[in-house]
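J.: So the chains spell out like this:
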Amino acid sequence: MKTTQFPATASGVSERMAGFIAHLRYNGYRAGVAETEATLCALQSIDIEEHHQVRLACKAVCTSNKESFDQFDELFSSYWFNRGREKAGINSRNEQSLKKRQSRFQPGADDSHSDAGSGSADQPETSDEDGEAYHSGKGRLIASQVGNLNKTDFREMATPELMQQAEVLAYKLAKAMRDRRSRRYRLSQRGNTLNLRKTIRNSINHGGVPMRLYRKHRPDRPVKIVTLLDVSGSMTVYAKVFLAFLKGLISHDTRADAYLFHTALVRIGDTLRDHDTTRAMNRLSIMAQGFGGGTKIGANLKLFNEQYAATCVDGRTVVIILSDGYDTNPPEMLSEGLQKLKKRNCKIIWLNPLKGWKDYTPVAQGMAAALPWLDHFAAANTLETLAELELALQRL
Amino acid sequence: MGWKKIQQDLAAECYIASDELAMAVYLATEQQRPLLLEGAAGVGKTEIAKQLASIHDTQLIRLQCYEGLDASTSIYEWNYQKQLLRVQAVREGSADEIESQIFSEAYLLKRPLLDAITQTKAPVLLIDEIDRADEEFEAYLLEVLSDYQVSIPELGTVKATSKPIVVLTSNGSRDLSDALRRRCFYTYVEYPDFKTELAILQARSPHMDNSLAEQIVGFVQALRKEELEKKPGVAEMLDWAAALAGLGISKLSDDPVELQATLVCLLKTQIDQYSMPREVTERLVGKVVA
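As given, the protein sequences belong to chains A and B, one line each in that order. Once you know that position 117 of the first sequence is 117 in the numbering used here, the rest is easy, because the numbers rise by one and skip nothing. Offset between the second sequence (1-based) and the numbering used here: plus 396.
Here chain A stands alone, though its shape is the one from the complex:
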């Protein structure tokens, strides 16, 4: 772990400041020469002898998001007041930020990541972390495990890597479903092609001079994804991976929404969009706890229909239900709920982790009652089965 040292040999402000920026960089900040320069410039506008002012000025220059903003004060003290060496807070935080960088998936940002979801090895981050023996070593370990991970049932292993893969996979699925574009053109103010027909028709008003240009564009017809995740007792073993999956599904799409249910229904869309995966997971596990008991799929579906469906389900929505189908409510209630939901003209996909088992037949009464209303009923117990969804979803 990085130690923080005030360079005793450094002479002059600029060298010390360069050391400070390096210290920030080690702790996960995006800071470089430009920041050093900017900080030095900023220092000229303030009273450099007052450390409160210097702190505020450096904070304004060097931070660039909420996370870095929140942890800046500690890093500042640890460097300039030489308190950092044994500071446990910083060490653990640093580890967190490393983990976070691993778990965050940014599409297109890094080529080595873009194929991570298709079952290939998860690349260790080496580009900006040169010379970090333990880090890259860990990465190799992941790579060697991946082959069989994909076929591991979620019950047996919920490792961070698996969860990350689930998230990436879900993101790809969501993308496959979402990007739909209409084939027809629509008149629009700022379209990218001219609507010649309308322009010429209108030019007759002006004696053949095309005074007003009309444009057209192909409207997006994005598919909204609404997910209902069962976190009751029987599903707890899957819950973690599915939560990561959900996060991938909706975190990059502001229209998507997600709900947890056990005996009650909780809306979690906004929590899942939290960029800090660890914090989001903690908050979610708090939400998921404390209800226990059985699963009330039917009642929750009824509640969903009454309270939320009107605003978030329409003809272009895919409702994904992740549940094993064991319901304490009577099956008619579930069937009724699904029928009502179906009237909104949405697509309903049911992912059942049990279906992946050999010789599984949907005998649970709830499941049997639900079947007629489903557009797609699939297994969801390994990453492989989740990946197979992509094809099915494109057809929907």
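In case anyone wonders, no lab produced these hints; they're calculated from the structure. None of the values given here were measured: they were computed from a predicted structure. Heads up, some of the hints might be wrong.
To be verified - With a cut-off of at most 35 Å between alpha-carbon atoms, the simulated DSBU-like pairs for lysine-lysine come out as follows:
#, chain 1, residue 1, chain 2, residue 2
1, B, Lys591, A, Lys216
2, A, Lys216, A, Lys175
3, B, Lys591, B, Lys555
4, B, Lys664, A, Lys340
5, A, Lys302, B, Lys626
6, A, Lys66, B, Lys555
7, A, Lys172, A, Lys66
8, A, Lys224, A, Lys342
9, B, Lys506, A, Lys198
10, B, Lys517, A, Lys224
11, B, Lys621, A, Lys66
12, A, Lys175, A, Lys224
13, B, Lys478, B, Lys400
14, B, Lys591, B, Lys400
15, B, Lys664, A, Lys302
16, A, Lys340, A, Lys198
17, B, Lys400, A, Lys224
18, A, Lys224, A, Lys66
19, A, Lys216, B, Lys506
20, A, Lys66, B, Lys664
21, B, Lys626, A, Lys172
22, A, Lys347, B, Lys664
23, A, Lys342, B, Lys626
24, B, Lys626, A, Lys340
25, B, Lys400, B, Lys517
26, B, Lys559, B, Lys664
27, A, Lys66, B, Lys478
Could you slot chain B onto chain A? The hints should help.
T.: Structure of chain B alone, referenced to chain A:
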């Protein structure tokens, strides 16, 4: 010192700024770099730009971002109709001549970004909710914000006559690019603490009874700790205080029914209103009315 003065000036305009915010604002004006403010809705991100404009006694140019915002609505656009009429009117003359005429400043429609850099007195440019605009718009913005110039293919590069004070706000609905973040001074604006919020309320409505003001702020602060979808911001708190003052309520615990009815000022979604039944409200009121 400069940044303290900004804090005082803002306070004179009834805006209570934290040290971090005041310093960032000071540096942004001093170093002529944009200022990026993030934070929950209703903590006063937009307001600071307005107050800055009034401190510097200058114009506020506002660009409200939305999905699909493009260069022609934000930077410049050619006045196509005017050009067309000109071409029709001047039939004779070489093509080059006409072209140089119709692609001149007279035929240019300035949109907020170009407008902001061509003023004689440096204005405050507020780019509101930048996270709502598309990523490609960020790229346009980078050129304007880093060099304070706009390149127009037909005209050449328009350099800034005065560098505006730029304030960008974001609600975090999308991650901004690092390139943009690095060009800005950054501050995260938190919900104010009890003391600050009380100071805000007292600055905005000086005639309010002190104990009522404390109750109002205490209640709103407690409310933010509840699990709500949309936490009430400072603006909501001020609305609510105005509503209570208008109704002539002098103590929160006086009339629970009326109080519950006024919560519409604070709770802006149906779910939140469900999750704050009268019992919960009374419990919170009981805490703040000691």
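J.: Output the numbers, in ascending order, of every earlier hint that fails for this structure.
T.: Violated hints (numbers, rising): 1, 3, 10, 13, 16, 17, 26 and 27; every other hint is consistent with the structure.
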